[in-house]
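*Asks:* Sequence:
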Amino acid sequence: MRAQFCLFFALTGMAVVAAAGLIFLLTGSHASAQPIAGAHYSGSIAGAGDVEFDVSADGAEVQNLKFTQIPCGGGMHSEFTWPPLAPIEVANKQFDATLAPLATRVTGRFPTEGSADGTFVLDLGPCQSSKLTWTATGSVVPTPTPTPTPTPTPTPTPTP
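Numbering (numbering that gives the first Met the number 0), first residue to last: 0 to 159.
Honestly, I wouldn't trust all of these hints.
Claimed, not checked - Derived DSS-like pairs: lysine-lysine, alpha-carbon spacing no greater than 27 Å straight-line: (1) K65 to K92; (2) K65 to K130; (3) K130 to K92.
If you are wondering where the hints come from, they were derived from the structure by calculation, not from laboratory data. This one's a predicted model, so the numbers in the text were calculated from it and none came from an experiment.
With these hints in hand, go ahead and build the complete structure from the sequences.
*Replies:* Next comes the structure, spelled out in structure tokens:
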């Protein structure tokens with residue numbers, strides 16, 4: 000009788016582990032990917048203009064962040080560039096930064112390698128946007144190989 004209980008619990012445990020593995024396999028991993036270090040990301044804002052930014056060479060910061068054609072205050076703000084003196088740190092494959100004293104805010108994450116998405120709220124006093132969503136894709140811009148300068152060959156001088 001005791002052997003039957005042990006067998007029952009062993010089979011039940013194996014079934015639970017198998018079910019958990021099947022659920023993981025069917026739903027996939029939901030872990031975010033690392034940003035591509037040194038990459039340039041560009042994309043669009045839903046119902047608005049464009050977004051672009053760079054990821055630092057070490058992957059720790061978002062830099063050169065720019066949004067264009069942002070609807071706000073009943074009109075359109077042509078361009079907003081995040082100030083370079085207000086760093087946007089990447090931590091746990093995500094970023095979240097707010098500019099004080101107003102409430103201009105950007106959030107983002109890197110859900111898969113080479114992609115990013117997030118939200119943006121522009122607050123410039125009278126020009127305030129709703130929460131806008133954006134998506135972008137990234138790629139590493141190859142460093143151009145310099146064209147080699149040919150080495151001049153000396154012209155032989157005739158001997159008299």
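*Asks:* Please write out, lowest number first, the hints stated earlier that are contradicted by the structure.
*Replies:* none
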